[in-house]
Amino acid sequence: MSRFSLSWRAGLWAMLLPYLVGTLLLIGLPALISGVLAFTTYDALTPPVFVGFANFRLLAADPIVTTAISNSLVFIVLAVPLRILGALALAMLLFRPRRGAGGYRAAAYLPTVIPDVAFALIWLWIFNPLFGPVNVALGALGLPQPGWLADAETARYPFVIMSVFQIGEGFVVLLAALRGLPRAYFDAGAVDGAGRWALFRYLTLPLMLPWLALLTFRDIILSFQWTFTPSFVMTGGDPYYATMFIPLVIYEEAFDRFRFGTGSALMLVTFLLSVALIAAIYLLFRRRGYVADV
Amino acid sequence: MRIVPASLLRALSASVLALGVTASASVAQEGSGTVSFMVFGDPAELAAYQSLVAAFEEREPAIDVELIHVPSASDYRARLGVDFAAGDPADVVLINYRRYAPFAAMGVLEPLAPYLRQSDVISESDFFDIATDSFKWRGQLMCIPQNISSLVVYYNRDLFDAAGLPHPADDWTWDEFLAAARALTQDLDGDGRADQYGVGIEPSIFRLAPFVWAAGGELVVLESGLRPIRLALDSRAAREAVEWFVALQTEHGVVPDALNEAAESSESRFLNGRTAMFFNSRRGTPTARAIDGFEWDVAALPVGRERAGILHSDAYCMSALTEEKDAAWTFIEYANSPAGQAIVAESGRTVPSLIEVASSPAFLDPAAAPANSAVWLETVDSLRTVPILRAWVDIEELTADELERAFYGQASVDEVIAAMITRTAPFFAGEEG
Numbered sequence: 001m002s003r004f005s006l007s008w009r010a011g012l013w014a015m016l017l018p019y020l021v022g023t024l025l026l027i028g029l030p031a032l033i034s035g036v037l038a039f040t041t042y043d044a045l046t047p048p049v050f051v052g053f054a055n056f057r058l059l060a061a062d063p064i065v066t067t068a069i070s071n072s073l074v075f076i077v078l079a080v081p082l083r084i085l086g087a088l089a090l091a092m093l094l095f096r097p098r099r100g101a102g103g104y105r106a107a108a109y110l111p112t113v114i115p116d117v118a119f120a121l122i123w124l125w126i127f128n129p130l131f132g133p134v135n136v137a138l139g140a141l142g143l144p145q146p147g148w149l150a151d152a153e154t155a156r157y158p159f160v161i162m163s164v165f166q167i168g169e170g171f172v173v174l175l176a177a178l179r180g181l182p183r184a185y186f187d188a189g190a191v192d193g194a195g196r197w198a199l200f201r202y203l204t205l206p207l208m209l210p211w212l213a214l215l216t217f218r219d220i221i222l223s224f225q226w227t228f229t230p231s232f233v234m235t236g237g238d239p240y241y242a243t244m245f246i247p248l249v250i251y252e253e254a255f256d257r258f259r260f261g262t263g264s265a266l267m268l269v270t271f272l273l274s275v276a277l278i279a280a281i282y283l284l285f286r287r288r289g290y291v292a293d294v
Numbered sequence: 295m296r297i298v299p300a301s302l303l304r305a306l307s308a309s310v311l312a313l314g315v316t317a318s319a320s321v322a323q324e325g326s327g328t329v330s331f332m333v334f335g336d337p338a339e340l341a342a343y344q345s346l347v348a349a350f351e352e353r354e355p356a357i358d359v360e361l362i363h364v365p366s367a368s369d370y371r372a373r374l375g376v377d378f379a380a381g382d383p384a385d386v387v388l389i390n391y392r393r394y395a396p397f398a399a400m401g402v403l404e405p406l407a408p409y410l411r412q413s414d415v416i417s418e419s420d421f422f423d424i425a426t427d428s429f430k431w432r433g434q435l436m437c438i439p440q441n442i443s444s445l446v447v448y449y450n451r452d453l454f455d456a457a458g459l460p461h462p463a464d465d466w467t468w469d470e471f472l473a474a475a476r477a478l479t480q481d482l483d484g485d486g487r488a489d490q491y492g493v494g495i496e497p498s499i500f501r502l503a504p505f506v507w508a509a510g511g512e513l514v515v516l517e518s519g520l521r522p523i524r525l526a527l528d529s530r531a532a533r534e535a536v537e538w539f540v541a542l543q544t545e546h547g548v549v550p551d552a553l554n555e556a557a558e559s560s561e562s563r564f565l566n567g568r569t570a571m572f573f574n575s576r577r578g579t580p581t582a583r584a585i586d587g588f589e590w591d592v593a594a595l596p597v598g599r600e601r602a603g604i605l606h607s608d609a610y611c612m613s614a615l616t617e618e619k620d621a622a623w624t625f626i627e628y629a630n631s632p633a634g635q636a637i638v639a640e641s642g643r644t645v646p647s648l649i650e651v652a653s654s655p656a657f658l659d660p661a662a663a664p665a666n667s668a669v670w671l672e673t674v675d676s677l678r679t680v681p682i683l684r685a686w687v688d689i690e691e692l693t694a695d696e697l698e699r700a701f702y703g704q705a706s707v708d709e710v711i712a713a714m715i716t717r718t719a720p721f722f723a724g725e726e727g
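Top to bottom, those sequences are chains H and U.
Counting along the first sequence from 1, when you hit position 272 you're at 272 in the numbering used here, and nothing is skipped either side.
Whatever position you read off the second sequence (first residue = 1), add 294 for the numbering used here.
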């Protein structure tokens with residue numbers, strides 16, 4: 001038995017090893033270097049110079065950085081709940097076997113596999129203020145036609161809307177979770193006379209809460225990074241920094257202006273913000289007593 | 295401050311630390327080996343550089359040139375920076391005069407003055423002065439300029455004719471320009487919105503600069519040692535120019551507003567025959583030559599209190615890291631010889647920086663559009679350059695963000711001038727001169 005266990009464990013390690021090595025080399029090590037660079041000025045051409053917390057003071061004094069942090073937080077507050085609820089709604093709608101369900105599920109997942117740049121370019125057209133289908137439809141209905149990406153007041157909303165269409169992974173996770181819920185609970189609820197809303201409110205939702213919490217944590221981390229490609233491709237942060245998000249500032253600082261120190265410092269700030277947000281959500285869910293079992 | 299002792303960082307930067315030492319030029323006349331050459335541009339430009347490389351390889355069989363092409367100029371700039379940072383740049387790269395200063399300051403460019411001095415093929419006096427002067431970093435020629443382009447007005451001859459307007463004269467004034475722009479801005483379907491615009495111009499300090507100079511203003515304030523110390527857009531003359539420039543959109547509506555520009559760029563509108571005049575450098579010529587729906591030509595910038603133009607110039611620069619310096623120079627030397635510059639000029643892309651080639655049919659071919667190519671040469675004496683500063687890219691980006699606000703009616707001229715001066719101040723302070 002022990003020999004079997006050993007070989008089983010060895011097999012698991014063997015399977016894990018490539019990912020472990022990859023994670024250490026491609027994520028762990030660069031993150032460590034970036035963490036050190038955050039306390040230096042470094043242009044990648046001359047040696048880094050230790051400057052203590054000067055980069056963080058520079059970031060705090062830079063209105064573009066504070067705007068980008070604010071934009072990213074607003075995006076997360078708007079997009080994450082919509083993405084989680086959207087994934088849950090789709091999973092609820094499509095988890096029961098029915099004719100054509102496979103096709104619908106594939107359609108729900110499809111936007112997630114579109115390459116990011118192509119996805120951004122499609123939405124750039126969709127939100128074209130004059131020729132895009134959204135404003136053409138709004139105009140046909142006699143409704144106001146926002147400037148969307150061309151107007152600082154509305155430029156962030158297309159980012160939220162388009163992100164809601166890339167929820168395939170959350171959808172699949174919740175679909176699997178829904179299928180794993182014990183039928184006996186629902187049968188018992190039905191016998192007790194619970195309606196569909198009551199079953200959802202008192203059985204489905206509490207039972208799904210650990211999954212929803214997990215997806216929320218993942219989505220917060222993802223959302224900090226997700227804005228890079230659309231903001232890089234669609235707006236470049238315009239108009240007047242309305243779509244300037246943290247990843248774009250990091251990219252411009254590091255790879256456009258060769259200020260790897262401030263870029264790394266902002267990355268560290270983003271990491272700490274992610275941790276703070278996840279901790280806050282964790283405490284919120286934990287008080288409800290469901291996360292402990294995840 | 296002290297150098298970080300962490301071996302981790304040293305390991306990370308080991309490959310690039312060597313760049314800190316500027317190699318002394320050991321000049322030779324010929325070389326052999328493989329030289330990588332990175333360029334940007336559309337397919338027509340790529341074809342020109344391919345022809346150049348082919349001609350060079352035929353002439354110098356011992357040297358292979360590996361052409362690396364990046365289509366977009368912005369992607370090219372990012373690639374260039376990352377390649378230098380990674381310690382693995384192409385041996386020969388094209389860099390604009392507004393952007394080479396950071397690389398020169400960091401010592402990653404091989405100064406080419408010693409090579410040029412020993413060349414039997416070309417000498418500095420063969421080039422237009424302003425082109426070579428703009429690539430001198432602390433008095434030393436760093437790169438060999440391939441062109442001496444400048445901002446001009448591309449205009450749709452058919453739209454001028456349809457509106458009964460005379461084509462722009464060489465000495466047309468701001469008022470004449472504005473009158474034409476207003477006449478050419480038209481609501482063709484009567485829906486209350488302009489379908490055809492008089493002008494397309496991007497709100498950037500690079501486009502604004504010649505108007506500031508033409509109004510008698512300056513871009514920057516120079517201290518006694520001629521070091522730029524801040525933007526000078528708050529002078530009376532410069533402010534007038536900014537106000538006139540902004541009014542093209544906010545008051546006269548001859549330029550698309552933010553919504554219309556976002557819906558379709560002015561360049562696209564011009565190419566599609568729905569904008570009458572578009573400001574661009576010679577760089578727009580290969581694309582414009584593909585227009586088949588209307589006749590077009592180029593005109594000089596309208597004249598304000600004085601005539602002023604702005605230099606657009608790229609140069610062949612050599613990486614200080616390259617191990618094939620002699621071969622790289624042999625290629626740069628050929629590319630900037632009369633034969634080499636003629637090949638690229640024939641594509642329409644460049645206004646040659648060699649005086650001899652600029653006045654030859656390679657550039658002034660009467661059969662190739664635009665008919666008025668000579669305008670680039672006739673206005674050379676009025677050309678000026680933006681300051682050569684390491685942080686000029688930052689200054690351009692910040693000022694564009696502010697200028698855009700005024701241009702699209704979201705802030706007053708005085709407000710954005712003040713913001714431009716305040717926000718760019720730290721970048722001037724960081725320059726050593």
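Worth flagging that the hints you see were computed from the coordinates, not collected in a lab.
Each hint should be verified, as a subset may be incorrect.
[As the list claims (entries may be wrong)] Taking lysine to any residue and the SDA-like style, the derived pairs with C-alpha atoms no more than 25 Å apart in a straight line are:
#1 U:Lys430 <-> H:Val191
#2 U:Lys430 <-> U:Gln490
#3 U:Lys430 <-> U:Ala712
#4 U:Lys430 <-> U:Arg451
#5 U:Lys430 <-> U:Val707
#6 U:Lys430 <-> H:Arg257
#7 U:Lys430 <-> U:Gly519
#8 U:Lys430 <-> H:Gln145
#9 U:Lys430 <-> U:Asp489
[As the list claims (entries may be wrong)] To be clear about the criterion: a stretch of chain U counts as covered by chain H if any three or more of its residues have a C-beta under 8 Å from a C-beta of chain H, and this derived list gives those stretches:
#10 372-379
#11 521-529
#12 548-559
#13 592-605
Ideal Cβ placement from N, Cα and C applies to all residues, glycine included.
Fill in: Indices of hints not satisfied (ascending)
Hints 1, 2, 3, 4, 5, 8, 9, 11, 13 contradicted; others consistent.
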